[in-house]
Amino acid sequence: MAVDVQDVPRRESALLRALKGIALIRESAVGVIGLAIIVFWVLVALLADVIAPFPPNQNYLPLATPFTPTLDGTGMFWLGTDLQGRDILSRIIHGSRKVLMLAPLATFCAYAVGIPMGLAAGYKRGWVDDVLSFLSNVILSFPILVLYVIIIATIGSSALNILLAVTFASAPGIMRIVRGLVLDLRNREYVFAAETRGEPSWRIMLIEILPNARGPLIVDACLRVGYVIITIGVLGFLGLGLPPPDPDWGGMINEFRVMAMSFPHMTVFPCLAISSLVLGFNLLADGLREVSLRD
Amino acid sequence: MLIFVIRRIGTMALTMLVVSILLFLLLELQPGNVAIKVLGPYSSEEQRTLWLEANGYFEPVYQRYLNWLLNFVTGDFGDSVRFKVPVGEILWPRLANTGILAVATLAVVVPISLLLGVLAGMREGSKLDRTISVGSIITTSIPEFASAPLLGAIFVFWLGWLPGTSGMIDGFDLTQLILPVMVLALYDFGYVTRMTRASMAEVMMTHYIRTAVLKGLPYRVVIMKHALRNALIAPFTVIMLQINWLLSGVIVVEFFFAYKGFGALLLEASLNQDIFMIEACAMVAVFVAVATQTLADLGYTYLNPRIRFS
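One line per chain: the protein sequences are A and B, in this order.
Each position in the first sequence, counted from 1, maps to that position plus 905 in the numbering used here.
Each position in the second sequence, counted from 1, maps to that position plus 98 in the numbering used here.
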């Protein structure tokens, strides 16, 4: 009985399938809200030059409370100004750029290191697994912020060093997740088939196993971007972040933290901005998990 | 069981050893940098050489590491560059202060999150479950460094109920502990709640719960006598691991509220390049983290007979 080739539906292109996958998120209300928050901030970051009412580093009226009109009466400091008279709204808008570039980039780097480690540990097993697992346990045994503080305080603070520190601290966690997924997938029939065909192990790991582990990894990546945003923020908050004067949310909180109780408007709005962005990624991750568990 | 305990403690010792090597490589590999940190940037080349000579820094690296490790294990952490006194004198009182903060936080987090987690997991998908789940996502999305100024603005600036700093200058003051604990608890309880919920929901799906319900036991008895005992094993581990997170959180909270604790000390030491203080703080932090992880593992094994007897 020959199967008619015509009957087998053609596989849709990868792009179309990816788009359909993204569209699935609309089944989860929580996920849609999360995605909307993220899209909002991405748009803000892209259009920062257009929508920011003032240049972010320009000094105007110091310590204006929210809704103070400008001196010439043509504009308004919607969220007030800081001690140096810079418009807080404009600084928040421009600050979104840094965090939205650095956080996904750092997450990507962590994955680029963690995935090969996890694939090797899970697929090769043996001493490779033992060594990698032990090393990642060692790094994960550090309280995370202690690790960041020591690394950044020692090697200095710059965007590149933050990237390195995030990669170093996050790759072990990613490795652990990938390893767990691979341990489950390596006994599937298609992996045995590939092994029988004599495919090299790198090909089996990258082409056969990795794409089938993508579901949980995408959810994890969303959560992780959220964590990295917190990390960048907290480093800025502790005075170990990106150098001034360009706005950076964590740094904005740090600059005026001693006045947070007397002039809260200078710190409250950056706090809300960063929390909302993290919330967006967390909600999206929750929505994705919900949708992926459904079918 | 005994073999398991010994193996876990062995792993813990090995982890600490590797951590100490990493720290040593990061901070002390280049003796020149150590001399600059200890003697300051304006010391002369000659002074540095003399200091390095006197403190044995010209010996080979492994020899230096072994000496360093020996001193460390015997409790000699060296002198703080900044305070000019032995590191221990500053470190231990600060650690005790952080202990107070951590115990107070856990005393708030554990009952609340267990209760909410059980309520949510009891009837998965119910309105209460969704509310608690989304609520816990929201609170874990507000990092400590954001909730500290936010809560400060509310309770200190607008309401004026609480003091804005927790320096404890005039002796111990409970009101100064409220805001730091609130900030830490707000961030931590969401995670424990979600884990408890997941564990509870899983237990509720099991056959023995269905049997208990079907044989007509009151729902309260099913939950209290049958579900809870198994559902609370996983949260136990999560709570123990939470101490690791708490150690990160105290850095932020103690820094913001000027609380004289371990986290603030670690941060000050790092910012001031107080090298021996950094080393001691880092080792203590990792020790606390690894020790609680080991305890969590042992406790989990002890509580779960399926693992204990296999």
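Bear in mind the hints are in silico, worked out from the structure with no lab data behind them.
Note that beta-carbon positions come from the ideal geometry of N, C-alpha and C, so glycine has one too.
Among the hints, erroneous ones may be present.
Label-pair restraints from in silico Cβ distances [stated by the list, open to error]: (1) A/Leu921 x B/Ile107: 36 to 42 Å; (2) B/Pro184 x A/Leu1111: 35 to 41 Å; (3) A/Asp1151 x B/Arg228: 37 to 43 Å; (4) A/Val944 x B/Lys225: 26 to 32 Å; (5) B/Gly197 x A/Ile1123: 37 to 43 Å; (6) A/Glu932 x B/Phe102: 41 to 47 Å; (7) A/Gly1085 x B/Gly197: 33 to 39 Å; (8) B/Thr309 x A/Gly926: 18 to 24 Å; (9) B/Tyr306 x A/Thr1059: 52 to 58 Å; (10) B/Leu315 x A/Val1163: 45 to 51 Å; (11) A/Leu1010 x B/Val201: 38 to 44 Å; (12) A/Glu1094 x B/Thr109: 34 to 40 Å; (13) A/Leu929 x B/Lys313: 52 to 58 Å; (14) A/Arg1102 x B/Arg327: 46 to 52 Å.
Footprint (simulated), chain A over chain B, 3 or more residues, beta carbon under 8 Å [said to hold, decoys possible]: (15) 117-124; (16) 234-241; (17) 364-378.
Tested hints:
1. Here the CB-CB span from A/Leu921 to B/Ile107 is close to 55 Å, at odds with the stated 36 to 42 Å.
2. Range check, B/Pro184 to A/Leu1111: Cβ separation about 54 Å, and the 35 to 41 Å hint is violated.
3. With their beta carbons about 41 Å apart, A/Asp1151 and B/Arg228 fall inside the hinted range of 37 to 43 Å.
4. One distance hint, 26 to 32 Å for the beta-carbon pair A/Val944 and B/Lys225, holds here, with the actual separation near 28 Å.
5. Look at B/Gly197 against A/Ile1123: about 40 Å separates their beta carbons, and that is inside 37 to 43 Å.
6. Evaluation of the 41 to 47 Å hint for A/Glu932 and B/Phe102 yields a pass: the beta carbon distance comes to about 45 Å.
7. Roughly 34 Å separates the CB atoms of A/Gly1085 and B/Gly197, a value that falls within the hinted 33 to 39 Å.
8. A beta carbon spacing of about 40 Å between B/Thr309 and A/Gly926 contradicts the range 18 to 24 Å that was offered as a hint.
9. Restraint check, B/Tyr306 to A/Thr1059: a C-beta distance of roughly 54 Å satisfies the suggested window 52 to 58 Å.
10. For B/Leu315 and A/Val1163, the Cβ-Cβ distance of about 58 Å falls outside the hinted range of 45 to 51 Å, so the restraint is violated.
11. Between A/Leu1010 and B/Val201 the Cβ separation comes to about 39 Å, which falls inside the hinted range of 38 to 44 Å.
12. The hinted window of 34 to 40 Å between A/Glu1094 and B/Thr109 holds, with their beta carbons roughly 36 Å apart.
13. The supplied range of 52 to 58 Å is broken by A/Leu929 and B/Lys313, whose beta-carbon atoms lie about 41 Å from each other.
14. A hinted range of 46 to 52 Å for the beta carbons of A/Arg1102 and B/Arg327 is consistent with their spacing of about 50 Å.
15. Coverage of the segment 117-124 of chain B by chain A holds [criterion: at least 3 residues with CB-CB distance below 8 Å; count 4].
16. Residues of the segment 234-241 of chain B with a Cβ under 8 Å from some Cβ of chain A number 6, which satisfies the need for three, so the listed coverage holds.
17. Coverage of the segment 364-378 of chain B by chain A holds [criterion: at least 3 residues with CB-CB distance below 8 Å; count 6].
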